[in-house]
Amino acid sequence: MRTPGILIFGLVLAPCGWILNLTSTVAPNWRTIHSLTDEPQDLVVEQGIWDICRTFTTSRAQQCNQRSKDQTYFDHQIISVAQGMMVASLIVTAVGLAVATPGVRCWRDNPRWIMASLGGLLISCSGVLTIIPIAWYTHVLTSINSISIKRDPAKPDDIRVGYCIVLGYIGGIMEVLGGFVMFLGIRSCCGGRNRGEKPQTNTGRAIFRPTPIPRVNIPRSYESSSEANSIPYSIKSVDDDLDFPRAKPRDMGTINKSYTGRPYDADL
Numbered sequence: 270m271r272t273p274g275i276l277i278f279g280l281v282l283a284p285c286g287w288i289l290n291l292t293s294t295v296a297p298n299w300r301t302i303h304s305l306t307d308e309p310q311d312l313v314v315e316q317g318i319w320d321i322c323r324t325f326t327t328s329r330a331q332q333c334n335q336r337s338k339d340q341t342y343f344d345h346q347i348i349s350v351a352q353g354m355m356v357a358s359l360i361v362t363a364v365g366l367a368v369a370t371p372g373v374r375c376w377r378d379n380p381r382w383i384m385a386s387l388g389g390l391l392i393s394c395s396g397v398l399t400i401i402p403i404a405w406y407t408h409v410l411t412s413i414n415s416i417s418i419k420r421d422p423a424k425p426d427d428i429r430v431g432y433c434i435v436l437g438y439i440g441g442i443m444e445v446l447g448g449f450v451m452f453l454g455i456r457s458c459c460g461g462r463n464r465g466e467k468p469q470t471n472t473g474r475a476i477f478r479p480t481p482i483p484r485v486n487i488p489r490s491y492e493s494s495s496e497a498n499s500i501p502y503s504i505k506s507v508d509d510d511l512d513f514p515r516a517k518p519r520d521m522g523t524i525n526k527s528y529t530g531r532p533y534d535a536d537l
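Residue numbers for the sequence shown follow our numbering, so the first one is 270 and each next one is one higher.
Watch out, some of these pointers could steer you wrong.
[As the list claims (entries may be wrong)] Quick list of the computed label-pair ranges, beta carbon to beta carbon:
(1) Ile-288 to Trp-405: 46 to 52 Å
(2) Asn-334 to Ser-304: 22 to 28 Å
(3) Leu-410 to Ile-383: 37 to 43 Å
(4) Asp-307 to Ser-328: 16 to 22 Å
(5) Thr-341 to Ile-401: 19 to 25 Å
(6) Thr-306 to Thr-370: 20 to 26 Å
(7) Arg-329 to Phe-278: 37 to 43 Å
(8) Thr-326 to Phe-278: 36 to 42 Å
(9) Ile-288 to His-345: 24 to 30 Å
(10) His-408 to Thr-326: 41 to 47 Å
(11) Ser-412 to Phe-278: 17 to 23 Å
Calculated directly from the structure, the hints in this document are not laboratory data. All C-beta atoms in this analysis are idealised placements derived from N, C-alpha and C, irrespective of residue type, glycine included.
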């Protein structure tokens, strides 16, 4: 039972993106304002969608809960839109994970592709809900009015992007990508094309499987003799081959030693 790779990919990216979006939502650092007029040089105002903090870079002291002192900033349209869409994104991501988790093949032979794909679609939509307010806020970053910004014609405003914008972009992209990959599994819900999953079809052909032959216990004495006979040439066999009988001389008959005739005498 192996979990398909696309489901693992989506289930890894989605929780990571959710954590980044949660940090981006609650942290008061969507933008930072530096070099304020008539303020200490080390003062940095950090503004988010829920709170405002005043941080002194030299002493590292921080004063939060400044929302009531800058209601102009929170009256902007983007702030209320970002609050609603970021919270909705967190909720939709949690619902998507809850739907997709039972569809993963961790305790089943085959995954529930429809449930996993539906969860991936919800996760992908939650990423879109995050990217929209992040992109809108970045577009109007310098035009959002605030009491902390004191317009000075002599020098331009030093307004910078906060780390919440960066985390929001990364988290939203991770959710969109992970959810989209999981949603692609819907094409495999009926065919099972992922990870070698193929529907099993019965062709009706009988498969012949030979019956295994049982092992016969052979006596040890017979095994030793058979092993000896299996050797093609042994020292004993070589000696037997060399001990062949000598060739006997042909029987030329009896020689008559009393015959005194010469070789060229012929019988007439």
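Taking the hints in turn, this is what the structure says about them:
1. Ile-288 to Trp-405: 46 to 52 Å: 22 Å, violated
2. Asn-334 to Ser-304: 22 to 28 Å: Between Asn-334 and Ser-304, where Cβ atoms are some 24 Å apart, the hint holds.
3. Leu-410 to Ile-383: 37 to 43 Å: With Cβ atoms ~42 Å apart, the hint holds.
4. Asp-307 to Ser-328: 16 to 22 Å: With Cβ atoms ~19 Å apart, the hint holds.
5. Thr-341 to Ile-401: 19 to 25 Å: 24 Å, holds
6. Thr-306 to Thr-370: 20 to 26 Å: 53 Å, violated
7. Arg-329 to Phe-278: 37 to 43 Å: 40 Å, holds
8. Thr-326 to Phe-278: 36 to 42 Å: Given a distance of about 41 Å, which is inside 36 to 42 Å, the answer is holds.
9. Ile-288 to His-345: 24 to 30 Å: Holds, since Ile-288 and His-345 (Cβ atoms, about 27 Å apart) stay within the stated range.
10. His-408 to Thr-326: 41 to 47 Å: With a Cβ separation near 28 Å, His-408 and Thr-326 fall outside 41 to 47 Å, so the hint is violated.
11. Ser-412 to Phe-278: 17 to 23 Å: 39 Å, violated
Hints 1, 6, 10, 11 from the earlier list are contradicted by this structure; the remaining hints agree with it.
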